[in-house]
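Add 819 to the 1-based position in the sequence shown for my numbering, that's all there is to it.
Hints are computed from structural coordinates only; laboratory data are not their basis. Treat the hints with care, since some could be wrong.
Stated by the list, open to error - In silico lysine-lysine, PhoX-like type, Cα no more than 20 Å apart, as pairs:
| id | residue 1 | residue 2 |
| --- | --- | --- |
| 1 | LYS826 | LYS867 |
| 2 | LYS856 | LYS883 |
| 3 | LYS826 | LYS911 |
| 4 | LYS975 | LYS867 |
| 5 | LYS851 | LYS867 |
| 6 | LYS900 | LYS856 |
| 7 | LYS911 | LYS900 |
| 8 | LYS975 | LYS826 |
| 9 | LYS887 | LYS900 |
| 10 | LYS900 | LYS851 |
| 11 | LYS867 | LYS887 |
| 12 | LYS916 | LYS826 |
| 13 | LYS975 | LYS887 |
| 14 | LYS851 | LYS826 |
Claimed, not checked - Cβ-Cβ distance ranges computed for the label pairs, FRET-style:
| id | residue 1 | residue 2 | range |
| --- | --- | --- | --- |
| 15 | ALA897 | ARG840 | 15 to 21 Å |
| 16 | ASP846 | GLN933 | 38 to 44 Å |
| 17 | SER845 | LYS916 | 27 to 33 Å |
| 18 | ARG877 | GLU824 | 28 to 34 Å |
Ideal Cβ placement from N, Cα and C applies to all residues, glycine included.
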Amino acid sequence: MTRNEIKLVCTDIDGTLTDGRIYIGSDGEVMKSFDVKDGLGMAMAREKGIIFAIITGRESEIVKVRAKELGIEEIHQAVHKKIDVIHDLMVKYSLEKENVAYLGDDVNDLEPIQYVGMGVAVGDAHSEVIEHADVVLHSPGGRGAMREFLDNYVLKGV
């Protein structure tokens, strides 16, 4: 697969764009930490026409806020079967599996990682995810993993 084939990058949130930690304040407010390098890389890729989709099993207001900051319109939360969402996105954007990458970190990401053209595990992913991924990043989730992927597999040579 050539770098220029990826048109849609799907990603989990917790453990992929964040370090997996969830901070809960005494008033119930949920906070998560995102790496600015990932955000800048996503902005550069969007300028090149790359579509991003957030597909996560949890639901969180902070995810909507971060997606809006990054200009991501495809936000799918509280998803039980991630490959159904990926399939629908492929139909919507007239893409084949070879045009789709998925970044994940845990066993609930195994199915989408095996379904798409380029399954990507963050550096600190569960061992099963690493075993089945096409690409294993050095960077852990929430610490520049998305940027590493984009720089080396999507933006390079574009």
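Checked hints:
Our distance criterion of 20 Å between C-alpha atoms is met by LYS826 and LYS867, whose separation comes to about 10 Å. The suggested pairing of LYS856 with LYS883 holds, with an alpha-carbon distance near 19 Å, which does not exceed 20 Å. Distance restraint check for LYS826 and LYS911: the Cα-Cα separation of roughly 13 Å lies within the 20 Å cut-off, and the hinted pair is therefore satisfied. About 11 Å separates the Cα atoms of LYS975 and LYS867, which keeps this hinted pair within 20 Å; it holds.
For the hint linking LYS851 to LYS867, the alpha-carbon distance of about 28 Å lies beyond 20 Å, and the restraint is violated. Under the criterion of a C-alpha separation no larger than 20 Å, the hint pairing LYS900 with LYS856 is inconsistent with the structure, at around 29 Å. At most 20 Å may separate the alpha-carbon atoms for a hinted pair to count; LYS911 and LYS900 meet this at roughly 17 Å. Restraint check for LYS975 and LYS826: satisfied, since their Cα atoms lie roughly 14 Å apart, inside the 20 Å limit.
With a C-alpha separation of about 24 Å, the suggested pair LYS887 and LYS900 falls outside the 20 Å cut-off, and the hint is violated. For the given pair, LYS900 sits about 23 Å from LYS851 by alpha-carbon distance, which is inconsistent with the 20 Å threshold. Using a Cα cut-off of 20 Å, the hinted pair LYS867 and LYS887 holds, with the two alpha carbons roughly 18 Å apart. Simply put, LYS916 and LYS826 have alpha-carbon atoms about 10 Å apart, close enough for the 20 Å limit, and the pair holds.
Taken as a hint, the LYS975 and LYS887 pair is broken in the structure, with Cα atoms around 26 Å apart against an allowance of 20 Å. Straight-line distance between C-alpha atoms of LYS851 and LYS826 comes to about 27 Å, which puts the hinted pair past the 20 Å bound. The supplied range of 15 to 21 Å is met by ALA897 and ARG840, whose beta-carbon atoms lie about 20 Å from each other. Taking the beta carbon of each, ASP846 and GLN933 are about 40 Å apart, inside 38 to 44 Å as hinted.
The given range of 27 to 33 Å is broken by SER845 and LYS916, whose C-beta atoms sit roughly 45 Å from each other. Range check, ARG877 to GLU824: about 30 Å between beta-carbon atoms, so the 28 to 34 Å window is met.
When each numbered hint is compared with the structure, violations occur for hints 5, 6, 9, 10, 13, 14 and 17.
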